[in-house]
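A.B. asks: So the chains spell out like this:
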Amino acid sequence: MSLLNKIATISLVILVSTLFSVDAQAQCKGFTKKHCLPTLNPFIHNGQLTSAQFNPGDSADVEMTFNAGKEYRILVCSQDMIGKVQFKVLDKTRKVLYKSDENTVNPFWDFKVANTQQLIVQIIVPKGEEKNSITRLTPSGCVSLLVGFKK
Amino acid sequence: MKKYTFIILASSFLMACGGDPEPVEDNTITEAIDEVLTPERAEKAQQVFRTVPSPMETASIFENAGASFNASVLNPVENVNKYSTNVQMAINFGIYGADLSYANIFDQSQASMLYMNCSKKMADGLGVTAAFNGETLERMEKNMNNRDSLMLIINDAFWVADGYLKENGQDNLSALIIAGGWIEGLYLGAQSLNKENPDKELMQKIAEQKHSINNLLALLGTYNDKDVAKMALKLTDIKTAFDKIEEEEAEATVSEEAVPTIGGGSTLKYEPATILEIAATVKKVRNELIK
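The listed protein sequences derive, respectively, from chains A and B. Per the numbering used here, the first sequence starts with residue 71, numbered consecutively. Per the numbering used here, the second sequence starts with residue -1, numbered consecutively.
Each hint should be verified, as a subset may be incorrect.
[What the hints assert, rightly or not] Simulated crosslink set (EDC-like; lysine to aspartate or glutamate; CA at most 16 Å straight-line):
no., chain 1, residue 1, chain 2, residue 2
1, A, K140, A, D180
2, A, K169, B, D146
3, A, K154, A, D171
4, B, K232, B, E286
5, A, K140, B, E199
6, A, K99, B, E165
7, A, K154, A, E172
8, B, K228, B, E286
9, B, K198, B, E61
10, A, K103, B, D154
11, A, K162, B, E245
12, B, K198, B, E269
13, A, K182, B, D235
14, A, K182, B, E254
15, A, K197, A, E172
16, A, K162, B, E255
17, A, K165, B, E247
18, B, K242, B, E275
19, A, K182, A, E141
20, A, K220, B, E61
21, A, K162, B, E249
22, A, K104, A, D150
23, A, K165, B, E249
24, B, K267, B, E199
25, A, K169, A, D180
26, A, K140, B, E61
27, A, K220, B, E249
28, B, K267, B, D235
29, B, K282, B, D235
30, A, K220, A, E141
31, A, K162, B, E246
32, A, K99, B, D154
33, A, K104, B, D154
These are calculated hints, taken from the structure and not from any lab test. All figures in this text were calculated on a predicted structure; none of them were measured in a lab.
Next up, chain B with everything else stripped away, as it sits in the complex (with noise of 0.2 Å):
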């Protein structure tokens, strides 16, 4: 039997579904222990790959914790001709995809259009020009004010930009597109704390993103490309003042209501000043990605 793990690439952004699905036997057990791996096993029989939260997922995140629209702070679009190498425009249509999950979550369709722009602009630069032709861009001007259709249709052109890039080798590219995607989310959502009096709700929602930072620089660590080692060791500056936040682990635990809660796992703690130092190297490095 062939055991192995995959990596998944976030590439890209929310989607909504249709259809109700059969329900399934409630099959929660706590007992039992993996006995083929254990955790020291797993990692050394095989690589293990981990998956980094999508930009969508980021600013849901983000807006559920009480973060607000700000237009001044996403990358601006004139910057849009300033990329030119197939890395700047990697990183940045990561950036703008960010900026434009980020509008569409909260409904900003002017914006959203605008981003919109700059991520075809950046696509096209790369030659994925199938992520957003003229079919994609009517789908989404004909939807731009419904937000779950709009979430549909550019996770499709995230998709189509992704499978483009991996099937004509350059999965690189893909790993700084996710990159770009993961430090603008974290960003813009860094940029609603309120400096004097910083949201606990806020604060927490930004520590839980070390284990984002975690399981990004695990997957760049899959490339041998020198571009991605530069991105990876931009990282590392966030990484460390991420490392400041301690963790605290608890056994897991299922309850047995109608939707089960999964307990315990890890508690984090922090200063504020910890959340303070990581939105501050956020933006160093953002600032210097967008330049």
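Chain A on its own, in the form it takes in the complex (with noise of 0.2 Å):
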């Protein structure tokens, strides 16, 4: 293959994945605002958008100001084909603080916070298959974590 056809190749590669990764954005974030959202009810979404895709066996940390005085509800909401997401709720020391039943789909924690602190909100993805067995394409899909809160 020349230098020239390569290049070529290795443009189109980045761009359609470009175009995937900001598709899959959108798809996600309208997943989110079409499933996700209205678990929270009736605690108040706080506004952060904070949805991502994932791929089986992932993980990921997110670090989290919760105020004294209110109450919240913490969502983790995923799409089918990535299997039952899990999160764990760790002080900044990770001790863990409530981890959420592996059987449950789209889980949620209400609690309140004695004095305004930081928590880690820990999502877990379950391994499952890492392939399709047809495709023998990974499978992903879209994480949302969601954090509404009363008054």
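Fit chain to chain and form the complex, with the hints in mind.
C.D. replies: Put into structure tokens, the structure is as follows:
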């Protein structure tokens, strides 16, 4: 393959990846608005858009501030194809304060904080099957973390 | 297994939602420590990103603490024509967005309308005409007296703007919007302080923003952009004032009530003079940004 062809191929791969990523991001936003936000009711969404494409076995840590005097709901919502996504709530020392049930789809937890503090929400995507047996493609799906509060 | 953290840009504001979720089993546990990563290992093994409260949440916190609405402290509407560069427009999009949130939280429909127009002008200037298009404006006008619906619409508009900027490789402008919004939110809360006799609850809520400034600086630190770096430098002055607040840590616990309460965590210790210094520093930085 000539150098020019190689450059053209690489550019095309980058362009397609970028377009796919942008499209996936937009789809994830749409999924969050349609399928996840309603589950926050009667809590008021804190306004933070927290969603990304995940693969089986992925995990992510999100550090957030929770304010004293408010009641909160943490909700983790995901597309079916990546299984039952779970979450843990950890304090600064990574002590586990809460762990969602592994059999629950789109788990959530309601709680209050006595003092305003930083907590870590750890999102865990089950390992599942790494690749689809027919297409041999690794499934990926949108995962959203939403936080709502009551005044 | 890939383990990573992701950046959450608190791009916008509050929403109210519908629908009833299924009940969930209470899995509160207080004994285990996450063995996978200690804090030191977590920091070392991966980047740790933090979130910043949205202006709507900040406005709600200050409203609950007894802050009152004062239209004279908002960024004047006539300033909207001063901002011509993308950086100025992004910062002031965040600032006007915070003013809009503040007006909405305090049920000020006339001010909400004015600041919605300012936000639209900044969004349009940044090329995000879809954020406040005709349909959005019509929905806003129809729901001007319905605070929860308006929150939903405002939130949607800022999501559109944030999405557009990221999809067009302008994440740095998203970061500036967040920073502008956070500074304005804190400024508006601090403006409610009575210098002679500052309210204790309001001082406490200002002190608690110590967590957020650390998060915001960490977030800005992930960008390799000179304008974001300039913003971080301005925020460092505010952080210096916040650093005078002492933090005492206690072990976190979880109560066994129907709605569990997480106890422990950090207790903040400060003198009223420190809070007044923070208020003065925030005011100085904010006034430079709206020039």
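A.B. asks: Hints broken by the structure, by number, lowest first?
C.D. replies: The structure breaks hints 2, 13, 16, 27, 28; every other hint is satisfied.
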